[in-house]
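The chain contents come next:
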Amino acid sequence: MKYILGRAAMALLFLCMVAAPCLGGDDYDQLFRRSSDLMAQGDLDGALALLKQVPAPQAGADGSAFVSSRMQAARIHAAQDEVAKAQADCREVLKVFPDNSEARNQLAALERAQRSRWATFLSDCLRFLPSLAKGAMMTLLLVLCTMLVSPLGGLLIALGRISRFRPVSGLCWFIIWFFRGTPLLLQLFFIYYGLPSLGITLSPMTAAVIGLGLNYSAYLGEIIRGAIQSIDHGQMEAAKAIGMTYGQAMRRVIIPQTYKRLMPPVGNEFIALIKDTALVSTIAMVELMRSADQLFNTYFNVTALVLAAVIYLLLTTMFTFIFEKIEYRAGIYEHR
Amino acid sequence: MNIAREPLLDLKGITKRFNSLTAVNNVDLQVLPGEKLVIIGPSGSGKSTLLRSINLLDELDEGVIRFEGQEVGYVTRHGRRHLDRPKAICTLRAEIGMVFQHFHLFPHMTVLGNVMEGPLTVQRKPALEARGIAEDMLAKVGLSDKRDVYPATLSGGQKQRVAIARALAMRPKLMLFDEPTSALDPELVGEVFDAIHTLAVEGMTMIIVTHHMGFARELADRVIFMEGGRFIDQGTPQEFFGNEQGNERIKNFLNRLM
Ligand SMILES: Nc1ncnc2c1ncn2[C@@H]1O[C@H](COP(=O)(O)OP(=O)(O)OP(=O)(O)O)[C@@H](O)[C@H]1O
Ligand SMILES: [Mg+2]
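Chain order of the listed sequences is A and B.
Position one of the first sequence corresponds to residue -9 (this note's numbering), numbered consecutively onward.
Position one of the second sequence corresponds to residue 64 (this note's numbering), numbered consecutively onward.
Okay, chain B solo, but in the shape it has when bound (with noise of 0.2 Å):
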């Protein structure tokens, strides 16, 4: 790793409280452009609170977010924390590209359209553009067959596919995934790693939650472990799957997932 390069995500101080429980707990990261990071960790431990603070989808009650050196998401006004103006925050999210769980299709377009949205109406770029590149990233996850039919007929393979196409049509900087595979029937999981791998391989920087340990062996360049909150250890796949050394914990909480 290079470490002379500058970070395309920098986060100090994240902390994120849901009342009286605080899910991300004064957590610092930074990710270099290229990078692929996967993170594990029990149920609750706020893995998905993370991700979905970075774009800004949760509010912050603390912290910095740094993406491509600029601070981004919230301006001091008064002397009090608000989120940054909703342009902005649009601005930043259309950079970074967010896959889901539930994949979240837009049932009432179609495989096309729901591809094509992003550029077409975020991006306000020409209908036959916006068409040209959904077809190409169509292409890439290889369901260019299925266009013209609505999401309801597809697989929860395809429409995760679908859904990987949908954010990667932003051109997105930064892609993140929470839990893309939790909700497919296990011979399905192929296929949708498949297509994050093939991203992977591009190039793609890329911050991934799941319980799939195949993501963090075959394609992570850091994993990091998660529990309370906090970032409880991180490290590259081999110090992390080697049994030499290493927390307790951590080894328990793979035993049981695999």
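Isolated chain A (complex conformation) (with noise of 0.2 Å):
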């Protein structure tokens, strides 16, 4: 590969020598002439010994051959990767002609060509973080908001599903049926773009948090209905023969046993949450993802989607360790 390039790029200076033979006295023309065939044979050593030979010019002289046969070396070094020699090229002719811009230009390409591509990565990262952080600070808000309303929703859903009056229990298991049962893309593009037609416009904030807390709510309610459910029944009895109400029972005895066998499904669908957030950047929400997309496809700089990545993981690992805690704490009591 390295010796195709090499090859293209001698191939190319052979055309420049060729349709420039115009550039120094007649002199120096054969030397430029020679060492075009040498290059053309391989002989790349050959040509740069050559082009040395053209000395620096008088003050006051033409140095149009010295500043060719500068810039050619140069050529030649940068092709053969020597980055150091061919800066060593252009400051010689910088030297003579501060001002040259040929030699100017060629010097800050070389500059730029050898910062490494981590500082490239970091310099994007810089130009990019800010947007990100604004749209993953939305994300955040919306998972915040998510967590806060789901386990609420979930609880009641949760109760009524229990619940012994059949209207109530009925209500949420088609609630359940149908928040389970259909994507939450469309759940969303139904709160947001369907709901206006019925006379409801909502804000894409408050949409998507509409959207995700029923959404999880729903899940959340069946998660939390099966947690009550495994607490043995001789807890409720107990309860109930000390004389504490239904209400009473549940709320100081069942519920809080549920705690821990709550955490751990509970954070995988947490887990999941952060994630499902990307999906509200199709209502027009800009959060992580939808800034991360724009800027995509603004820069076409993949270094923006990698950017997202870390950052969703950053707040998913978070998550992952704060729930971690949760969970120890709540079952502090089982530790012998």
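Hints may contain errors.
The list that follows gives simulated cross-link-like pairs (lysine to aspartate or glutamate, EDC-like), each with its CA atoms no further than 20 Å apart [what the hints assert, rightly or not]:
1. A:K42 <-> A:E82
2. B:K209 <-> A:E324
3. B:K150 <-> A:E227
4. A:K265 <-> A:E314
5. B:K75 <-> B:D296
6. A:K124 <-> A:D114
These are calculated hints, taken from the structure and not from any lab test.
Make the complex out of the two chains shown on their own, each in a separate frame, by following the hints.
Take a look at the structure:
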């Protein structure tokens, strides 16, 4: 690969030589031609040696042959990945002609090329970070709102499902059936684009919180119901036997015992939630995914996507850690 | 026994069916204040169901329950029996303590928290007062040193004593014990027996369902033998364990136990 590139570069240089025969005086014409021949034969060192024979011009004399020779040498060096030597060639020209734009540009290009890919990546990161951070804050806000709303909704749905009052348990069954049975994306579209036709217009944020909140309430509802029903019946009986009402027994005895059992599946749901918030980018909400998408489409730069992935990972890792801590705390009474 | 005294608990025609099975069949029972009743009988004879229907954990199909002379638990609406309002049922349960075979301590609360829970949540007493009551009850069952641990760390006997303290903290007028020692290793039975014995000596009215004949012999005023949802026989412990007279089936049952 490198070989082919080198060859291509040489061919290009060769063309330049042929197309620009009138660079120096007649003495130098021949020198340039010979060096081109050597290059064509692959003898780059020979060509370089010839080019170096062109001396620096006396003050006031015509320096064009000198400039051409050094720039040519710089190109050869650059093609061989000898960046330092190529830079030295350019500086040689700039010492005599400080304003020579060709040498300046070449030197700048060499410097840019020399900067590592990491530096480019980091500078891209710095460039993208502000708008991604803003997006991430929106994502976090959305996640926190849903984490606040959905356990309450889930608890209501769970208690409703357990209720012996048929209309209530039926309604809760329906909510679970509907929100677990249709895509979240569809629900979001319906709430944001569909409800206005019924005269209800919502901001993207409100629509997103309602959509995610309902969806996750339905999922958590089933999880919470399962956890409540997994608590030994004896607990409810013991609570009733000391005179507690159903509500007191639930609040003081049953529900607190579900926390530990709830944490692993609820943690799972909340991790999924962090990623599911990406769906609300489709209803005009500028969160992390949307920010990354906008940057990518503006700069065609994958760094924006990589950075977004890193931020999502940071969020999920952070919450995983928090949930593990809570789970441990919630089950502390089981430790002997 | 003073016949003139009004019974604390008066059951008339108590019947409880599970589908086609009649677990408790037309039972009458009167318990006087301070009386200690022990119910024995083979498995499935309806002993637990009878206890559970007294504090309305099981809903009766027929019968009347009177507690302190008041008819409790059920109302008739539109010609049909219904459980009374939840409030009334809770009030009744608060006056009747119950101890279960499998303890059913609240695992997420400390020992003290378990015992405080009734006064605190049900009787809405201030935390300090509830705490004081709980500490007294724990002292009574000899577990003051365990007050701050969680039930998971206790032995079976200790758990059952905490369960007794939890029931006592409500200052009940009647205590129901459903096989309080059946889930315990033999060497742990004694400490629970002693706790119940202390209560009995203090004059607590109690109904004890048990397979442990020590209760029947040593603290019963009256022993009832139950089978097939009915009371087959009843009498004083002397009548019961004196070998002279008595029912063949009961003798067989007692012999198998001993
Ligand atoms: N919830 C229920 N549903 C259906 N049948 C029940 C239920 N509870 C009790 N039974 C039945 O009622 C009958 C009486 O049960 P109960 O628990 O009162 O007996 P027990 O005398 O306490 O027996 P054990 O000594 O085994 O505790 C049994 O045949 C039992 O199978
Ligand atoms: Mg039983």
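List in ascending order the numbers of the hints, as given earlier, that are violated by the structure.
-> When the structure is compared with the hints, none of them turns out to be violated.
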